[in-house]
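Undergrad: What follows is each chain in one-letter form.
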Amino acid sequence: MPSDTPIILVENLTRRFGTFTAVDRVSFQVERGEIFGFLGANGSGKSTIIRMLCGLLAPTEGNARVAGLDLRTQADRIRSHIGYMSQKVSLYANLTVRENLLFFGGLYSLQPQGILTRQGLLFPRLGLSSQDRVLVRALPIGLKQRVALICALLHDPEIVFLDEPTAGVDVINRRVFWELIRELAAEGKTLFVTTHYLDEMDYAHHVGFIDRGKLIGFDSPLGLKLAFAGGYPVRLYHDDPHVLAQAEQWVRSAGYTVVPSRQDSGTATQLLLADGSPVRLDRLRRDLHAIDPTLDFTVELPSMEDVFAGMINQHRDKSKAHELSAE
Amino acid sequence: MRHDRGLLAAILIQPILYLVLFGLAITNEVNNAAWVVYDQSRTELSRQLITELTSLTALQEPQFVFSEQEVIDFLRRRDGLAGVIIPWNFADRLGRGQAAPIQILLNGAKTSSALRLGNYVSQAATAFSLTSLPTRDREEQQFTTPRVSIEKRYWYNPGLQDRFGLLSTMPANMLTQICLMIAAVSLVAERERGTFEQLLATPLSLAEIMVGKMIPYVGVGLLAMSMMMIGSYFFYGIAVKGSLLLLLLVALIFMFATMAFGIFFSAWAQNVQQAISLGFFIMFPSVIITGILVPTDNYPLVIDALSRCLPARYFAHALRAITLKGAGFAEVGTDLLFLSGFFVFSLIAAVRVTKPKLG
Amino acid sequence: MNSLQNKLNRLRTLLWREFVELRRDRFTLTILVLIPVLQITLLAYAITTDFDHLPLCVLDRAHTRESRQLLDHIAATGYFTVVPLQDLSETSPLFGREQCRAALLIPADLGELIANRKEVRLGLLLDASDTTLATSTEGFLTAITQAFYAQTRLERTPLTDRNLQPEERGGVAPVRRVLFNPTLSGTAYTLPGLLGMICLFLTVLITALTLVRERDAGTLEQLLVTPVTSTEVVLGKILPFGVVAMGAVVFCVLVGWLIFGVRPAGSVFLLFAITPIFLLIGLSQGLLISSLAHSAMDALERSVLTMVPQMMLSDFLFPLALMALPFRIIGEAIPLTHYLRITRGIYLKGQNFSELQSEIAILCLFLVLFVTGAARTIKKQA
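Residue numbers (this note's numbering), protein chains in the order written: chain A, 1 to 327; chain B, 1 to 359; chain C, 1 to 382.
Quick caveat, the hints were computed from the structure, so don't treat them as lab data.
All of these numbers come straight from a predicted model, not from anything done at the bench.
By construction, the Cβ of each residue, glycine as well, lies at the ideal position given by its N, Cα and C atoms.
Careful: at least some of the hints might be erroneous.
As the list claims (entries may be wrong) - Partial pick of chain A residues on the chain C-facing surface, computed with a CB cut under 8 Å:
| id | residue |
| --- | --- |
| 1 | 56 |
| 2 | 76 |
| 3 | 79 |
| 4 | 88 |
| 5 | 90 |
| 6 | 92 |
| 7 | 94 |
| 8 | 104 |
| 9 | 107 |
| 10 | 108 |
| 11 | 217 |
| 12 | 218 |
| 13 | 219 |
| 14 | 297 |
All chains should be built: construct the whole structure from the sequences, respecting the hints.
TA: Below you can see the structure in the form of structure tokens.
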């Protein structure tokens, strides 16, 4: 498969349950080697989208291509290329860790030897000891998650779908997870992750926001934040207000589009650099230092939470307006 | 439980099911059974015998066959109930005042029906000797054949209808099933789901929690039982001879007793599947050996002892006694006592057993 | 990925897992083994058509030598225990407390009637709340008393040159020949029926429960994401339980044979060859139930609901031939009915393959129906 085609291509994917539309004409694409994050409230449709892409649920309308295979006609072949870790930790509680691995590996027609080799590679990466004769039932949830992830990775899939992999997991374990996810992406795997933890989205290459079945935002995390903020919110610091004013003057003249600023205290000025493309912060720093070496600035991008909440509100207001105008 | 509509519907369908099955379908009485006859004699006398037998309500018009093999085939391949072979010298022997044997072949694979039919036919054949033989021989018979007849009266069930006995104990069957299974399973299900722990955190004692769990199901059980009884009355005319109140009291105590019993056993189950298997394990004997389907009179010692350990026995007994015999408090007092005792002991035992497992 | 080799590998993995879990679940396993044993034992002892030492209340108004002889004779048969009554009013409470199930009333003028060769009428009160018991009691007593009086008569008849021998007594003498179960043994009758019940129970209930549990735990979804096809999932579930159920059947046959002395008159191997067909039908039933059930409890109740009518209308406990037409039709539509005809045919009648062909064919038809139905539903389960 040529490397310039997206590994996941979704077109107008729709899923209805009776009269309820869970997923409404969602379109996006994911590149190979990307970490793609999916954000959404409960019931927003994100799990439904993943389940469709995994072939668990048939789309009502629309289609998708996963790993070059057509979702509607070649779903069974797609399954050998993907790994899936569901929301509920779905390991067999009455089997040991080892037995679970052998089981899931066997389903991908892996030989026991091969499975054990993979286990040997992956376990240390996830900080798991070789104690694999323990019943899964006896493991704490953090360890269960890790084992479940490894089960999804046994057959070395090109794409891994992770549906809320860090739900209910403590901070340290979450860290471990995301480190592994980034490593996997660096190795060329594509990871499709849904989560509730908005701060985790900063790790992703691209993020999609889902609300009530619709895709309301699709961009890199930085892009989303910029779009929401309207630009780079930059804060200049200097003891001398004159220097600040001078810096501001310079910034305006240097070709940056500046949204009206505020001087909220004597020592700081808030500017918003509205620019089409990302600002070259390093150049800005050099330029500002040229004015005064002690001039400092910080970029205060909004948090993902702000962005997400804000976008949802915008979306809902818009749809309400639509409804009202339709009456 | 209100959320589990399917469960509720399933429970309430049972009375209807039983009313239909046991009221209409099931019968042990042999009526209009098909039979074959191989008449080797072909005389007036043999024809008379056949007519006599046909007049029995148990039999319909026979099919005539012409070899012994055909009779056997009828039983073997077509699963017929009985066949009669009248030997060639039937009339001659009777004429000479000798005994004329006829063969009644019965399908042993249908044991109970065969037994009944065999009795009827034998009796009819013997009676034939008394009424249908020429006068000369009749006097002979007066000397030799027994002139004893039995005049019978059926108590409690004048029409000798099968459904009386069965329907009166069906509530016991139904309730046993329901209560045992539900009790065994619901606590375990809660334990699995984790909501049980939340209950424990409340000021309620373990016993109170258990009893609280039982109460809604008792309500449903009583409802189901009432449906059965009303249905029995309207469709089959089976009225409760004794006190309705007493009946309900017994049912109530029984349900609590059975559920406590079930809960006690379910403490050993680690998950719902095990609880269900366990429930069935207890339920089978509860239905089979407690007098619901088969009377308990003839049990060997061991089985009898086992039967006495099950609450259903006392309930079935009391149910039948009150419904058909109009028994009062005196007769079912011991049953009530046992049931109450069961409840108390089971509950205590259940609490004792569950506590350590919770840690 | 869908080559035969891969399919077999996956199936093997599924089966392996199921067996490991089963082995771990000692509890369920023990119970699964114990239930058949329990059923056999209980049914063998509990369901008998004859009885002994049934208390028979007797009100003897005659108090003559003949009446005492009659009572001795009755007691000597072992079927009844004679309980003397003083007054008719005693019967009501005794019946009520079930201390006696029948009461025999001997008229005061017994001696005269016998001497004058008039007809003797004995009164019999029967507790008819259990009709089988009532009719059996009646039948036995009639036979006993008639036999007794035949004997008495003979003794009193003056010897003439006719020299009446018993076989020259004249009159119709019915000779009973019981085919297929000569001893009319209750156990022999119920064992083949029991085999059917065990098959039904193990397959329907356990399959329904297992699948529902799997679905609840989320593991079913995880399975379906892998290259596994739904057919393989179905097979992976039903084959292990099929094996367990088959084991139970073999076990029951052995127990019946060795401990209760019930031998099949026909070929055991034929039985073992046909049983898997019925097991598969039951397993498919279980699958169908699991696809409709929401929770384990729901699956349980549904299973019980389907099994009760099957028990009642399949000729298992109650004769189908005696029921009204609509019920007989329903009965024919139940796979268990046909399986029981086969088991009883083999056990009691010693039937062979050619005689049972039609029943086997019907079972195969059911199999196709149920399995296709089940295969369709598994897809919807995630």
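Undergrad: For the restraint on residue 218 of chain A, tell me whether the closest CB of chain C is nearer than 8 Å.
TA: Status violated, d = 25 Å.
Undergrad: With a cut-off of 8 Å, does the beta carbon of residue 92 of chain A approach a beta carbon of chain C closely enough for the hint to hold?
TA: The hint holds - residue 92 of chain A has a Cβ within 8 Å of chain C, the shortest such distance being about 6 Å.
Undergrad: Have a go at the residue 217 of chain A hint: is there a Cβ in chain C nearer than 8 Å to its own Cβ?
TA: Residue 217 of chain A check fails; min Cβ-Cβ to chain C is 27 Å, beyond 8 Å.
Undergrad: Checking hints one by one. Is residue 88 of chain A an interface residue toward chain C, by the C-beta closer than 8 Å rule?
TA: Holds. Min distance 4 Å.
Undergrad: Was the hint right that residue 94 of chain A lines chain C, CB cutoff 8 Å?
TA: Residue 94 of chain A check passes; min Cβ-Cβ to chain C is 5 Å, inside 8 Å.
Undergrad: Given residue 76 of chain A as an interface hint, is its Cβ closer than 8 Å to any Cβ of chain C?
TA: Residue 76 of chain A check passes; min Cβ-Cβ to chain C is 7 Å, inside 8 Å.
Undergrad: Would you settle whether the hint for residue 79 of chain A is holds or violated, based on the nearest Cβ-Cβ distance to chain C being less than 8 Å?
TA: Hint holds; residue 79 of chain A Cβ to chain C Cβ min 5 Å, cut 8 Å.
Undergrad: Can residue 90 of chain A be said to touch chain C, with a Cβ gap under 8 Å?
TA: Holds. Min distance 4 Å.
Undergrad: Would the hint on residue 56 of chain A be counted as holding, given a Cβ-Cβ threshold of 8 Å to chain C?
TA: Hint holds; residue 56 of chain A Cβ to chain C Cβ min 5 Å, cut 8 Å.
Undergrad: Given a cut of 8 Å on the nearest C-beta pair, is the interface hint for residue 219 of chain A held or broken against chain C?
TA: Hint violated; residue 219 of chain A Cβ to chain C Cβ min 29 Å, cut 8 Å.
Undergrad: Double-check residue 107 of chain A for me: the hint is only fine if its C-beta lies closer than 8 Å to a C-beta in chain C.
TA: 4 Å, holds
Undergrad: Residue 297 of chain A was flagged as interface toward chain C. Is the shortest Cβ-Cβ separation under 8 Å?
TA: At 48 Å from the nearest chain C Cβ, residue 297 of chain A fails the 8 Å test, so the hint is violated.
In this structure, the earlier hints numbered 11, 12, 13, 14 are contradicted, and the remaining ones agree with it.
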